[in-house]
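Chain residues, written in single-letter form:
Protein chains: 2
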Amino acid sequence: MKVSIIGLGLIGGSMAIALKELSIAKTILGVEANEKHALIALEKGLVDEVVSLEEAILKSEFIIIAIPVDEIEKLLPFILDKITKQVVIEVGSIKSGIIEVIKDHPNRKRFVATHPMWGTEYSGPEAAISGAFKGKAVVICDIDKADKDAVEMVKDLYRKLGMQPLYMNADEHDIHVAYVSHISHITSFALANTVLEKEREEDAIFSLASGGFESTVRLAKSNAAMWVPIFMQNRENVLDVLNEHISQLRKFKSCLEKENYNYLQELIEKANRIKNIIK
Amino acid sequence: MKVSIIGLGLIGGSMAIALKELSIAKTILGVEANEKHALIALEKGLVDEVVSLEEAILKSEFIIIAIPVDEIEKLLPFILDKITKQVVIEVGSIKSGIIEVIKDHPNRKRFVATHPMWGTEYSGPEAAISGAFKGKAVVICDIDKADKDAVEMVKDLYRKLGMQPLYMNADEHDIHVAYVSHISHITSFALANTVLEKEREEDAIFSLASGGFESTVRLAKSNAAMWVPIFMQNRENVLDVLNEHISQLRKFKSCLEKENYNYLQELIEKANRIKNIIK
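Respectively, the protein sequence lines represent chains A and B. Going by the numbering used here, the first residue of the first sequence is number 1, and it counts up by one from there. Going by the numbering used here, the first residue of the second sequence is number 1, and it counts up by one from there.
Watch out, some of these pointers could steer you wrong.
Note: identical chains are not told apart, hence a pair may lie in one copy or across any two.
[Stated by the list, open to error] Each computed DSSO-like pair below joins lysine-lysine, with the alpha-carbon atoms no more than 30 Å apart:
#, residue 1, residue 2
1, Lys44, Lys279
2, Lys136, Lys198
3, Lys160, Lys103
4, Lys36, Lys279
5, Lys258, Lys148
6, Lys36, Lys270
7, Lys258, Lys103
8, Lys155, Lys270
9, Lys148, Lys26
10, Lys279, Lys59
11, Lys198, Lys253
12, Lys136, Lys109
13, Lys270, Lys59
14, Lys251, Lys198
15, Lys258, Lys145
16, Lys275, Lys221
17, Lys74, Lys258
18, Lys148, Lys160
19, Lys198, Lys279
20, Lys279, Lys145
Rather than coming from a laboratory, the hints here were simulated on the basis of the structure.
Build out the structure end to end from the sequences listed, making use of the hints.
And the structure:
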């Protein structure tokens, strides 16, 4: 299969590695606006060639869009304009907005929105790694809106990548990711800012920070260019979860202020139930 | 050296493993109030014998207290009453309260407060592991209040464990840990409660939760019996940091409410500076 990957960053790059290693793609064409990234992708052998968007669309059967979600919204209608029977997927973190802009497009049925649930706090082609997706979940959205052969091709791709497919509509997806991904990023950014604001002795942080701090603050290294558009597009769901989170933190605050340690214990024991969900 | 470890949980148990593996202790006596834990510790070979507190004090040169901080406060004066020239350390997460209760004790100078900066979200002797402390920091508090030979013995112990010592007074220690450890636990507990409160579809969490969520919520599995006393004893510092953290989260909330995405980008880029501190 001849595949084009648009955007050779963490996800696009890791996808390229997997497609090659698992012999899913014979040829991979890359499209990359950032020249430095294009060069790194070629040097790392992620893609066979870096070409123009037009050439990529023309010369491939399967097109993977792996760019920030605001750019997907801009680029996707243009790509659908140009295709004939190619299948197009995107791998962004938020779906409703993207699906809305192409809902009446004549080539809508050649497009499938997907979200492989993998990522790290790093970005760019240098962050791309082997074995990224295996064993993880992938959300495939609104499959009733796409052609059967397109859906089959997408299912087959993710099966070969070793991913567990979950089917839901775009709105359901966007609510769930607000909980299991977006809020974690906000708490992590806010935690980093809390510490940077108040703890002036940076050496102390560096030396004392043990595994606990590192794991809660890890996501704060994530790229603004990727995350601002996600928060924009999932604004209402994220606000809803963020309000709940602030109110949960206020319960801890109130326990400490009132020295109500029985309730504090209850809150912690309730939180411990996450053990049953996250192993 | 003959060592007693009081409390054979995650920290005491991991300490026992290290003392044996590195041939620091020839004999380890354990003291454990929980009979099931005592049995597991013997079965795992963490200690040579489980004995009474009195016997442990009498028969060892070096005593390590590894129990929740509220119990340290109760037990430490009693232990100092019984010792002659043994050295006593504790390895709790908070110092001011503990140091206060024994400040006028006639055997004060045989005691050194220490905090090895290692832990996991698990507890009990079954969670004890090999190689826990190597390469991590250890805070050694108020060394001017202890006998020189006691301090040397403690320094030597942690050097052999491969830890980097940091010297500070109890108050400084308690402020720093509020930032680099205690607040991370509160955000993690609150995040777990946010998700458990609002996201009723637990299957969705389980399937979708990727590495990001798992790492920010991991600490929410931590034991209430250990953490309530820590928050009690570090109440003022934790409240101070928690207030700052809530106000940082409100900035994110306000950006989303007002759709001020330039400021949102600024907040994220500021948070990214944590890269310079945590590698």
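The hints, checked one at a time:
Taking identical chains as interchangeable, the C-alpha atoms of Lys44 and Lys279 lie at most 30 Å apart only when they sit on different chains, with a minimum of 24 Å there against 35 Å within one chain. In this assembly of identical chains, Lys136 and Lys198 lie within 30 Å of each other by CA distance solely across copies; the values are 23 Å between and 37 Å within a copy. In this assembly of identical chains, Lys160 and Lys103 lie within 30 Å of each other by CA distance solely inside one copy; the values are 28 Å within and 65 Å between copies. Taking CA atoms no more than 30 Å apart as the test, Lys36 paired with Lys279 passes between copies only; the shortest distance there is 24 Å, against 40 Å inside one copy.
In this assembly of identical chains, the alpha carbons of Lys258 and Lys148 never lie at most 30 Å apart, being 60 Å within a copy and 42 Å across copies at closest. In this assembly of identical chains, the alpha carbons of Lys36 and Lys270 lie at most 30 Å apart only when taken from different copies (24 Å versus 48 Å within one copy). Taking the shortest Cα distances, Lys258 and Lys103 sit within 30 Å of each other only across copies (28 Å), while inside one copy they are farther apart (53 Å). Taking identical chains as interchangeable, the C-alpha atoms of Lys155 and Lys270 are never at most 30 Å apart, the minima being 38 Å within one chain and 40 Å between chains.
Taking the shortest alpha-carbon separations for Lys148 and Lys26, only the intra-copy value of 23 Å comes in at or below 30 Å, while the best inter-copy value is 70 Å. In this homomeric assembly, Lys279 and Lys59 never come within 30 Å of each other (Cα to Cα): the closest approach is 44 Å inside a single copy and 42 Å across copies. Within a single copy, Lys198 and Lys253 get their C-alpha atoms as close as 18 Å, and across copies as close as 20 Å, so both meet the 30 Å cut-off. Taking CA atoms no more than 30 Å apart as the test, Lys136 paired with Lys109 passes inside one copy only; the shortest distance there is 26 Å, against 55 Å between copies.
For the homomeric pair Lys270 and Lys59, neither the shortest alpha-carbon distance inside one copy (55 Å) nor that between copies (42 Å) is at most 30 Å. For a Cα distance limit of 30 Å, the shortest separation of Lys251 from Lys198 qualifies both inside one copy, at 22 Å, and across copies, at 16 Å. In this assembly of identical chains, Lys258 and Lys145 lie within 30 Å of each other by CA distance neither inside one copy nor across copies; the values are 54 Å within and 34 Å between. Taking the shortest alpha-carbon separations for Lys275 and Lys221, both the intra-copy value of 26 Å and the inter-copy value of 6 Å come in at or below 30 Å.
Taking the shortest alpha-carbon separations for Lys74 and Lys258, only the inter-copy value of 23 Å comes in at or below 30 Å, while the best intra-copy value is 52 Å. Proximity of Lys148 and Lys160 under a CA criterion of 30 Å is satisfied intra-copy only: 18 Å inside one chain copy versus 65 Å between copies. With identical chains, the CA atoms of Lys198 and Lys279 are at most 30 Å apart between copies only, with a shortest distance of 20 Å across copies and 33 Å within one. When the C-alpha separation of Lys279 and Lys145 is checked against a cutoff of 30 Å, the pair qualifies neither within a copy, at 35 Å, nor between copies, at 44 Å.
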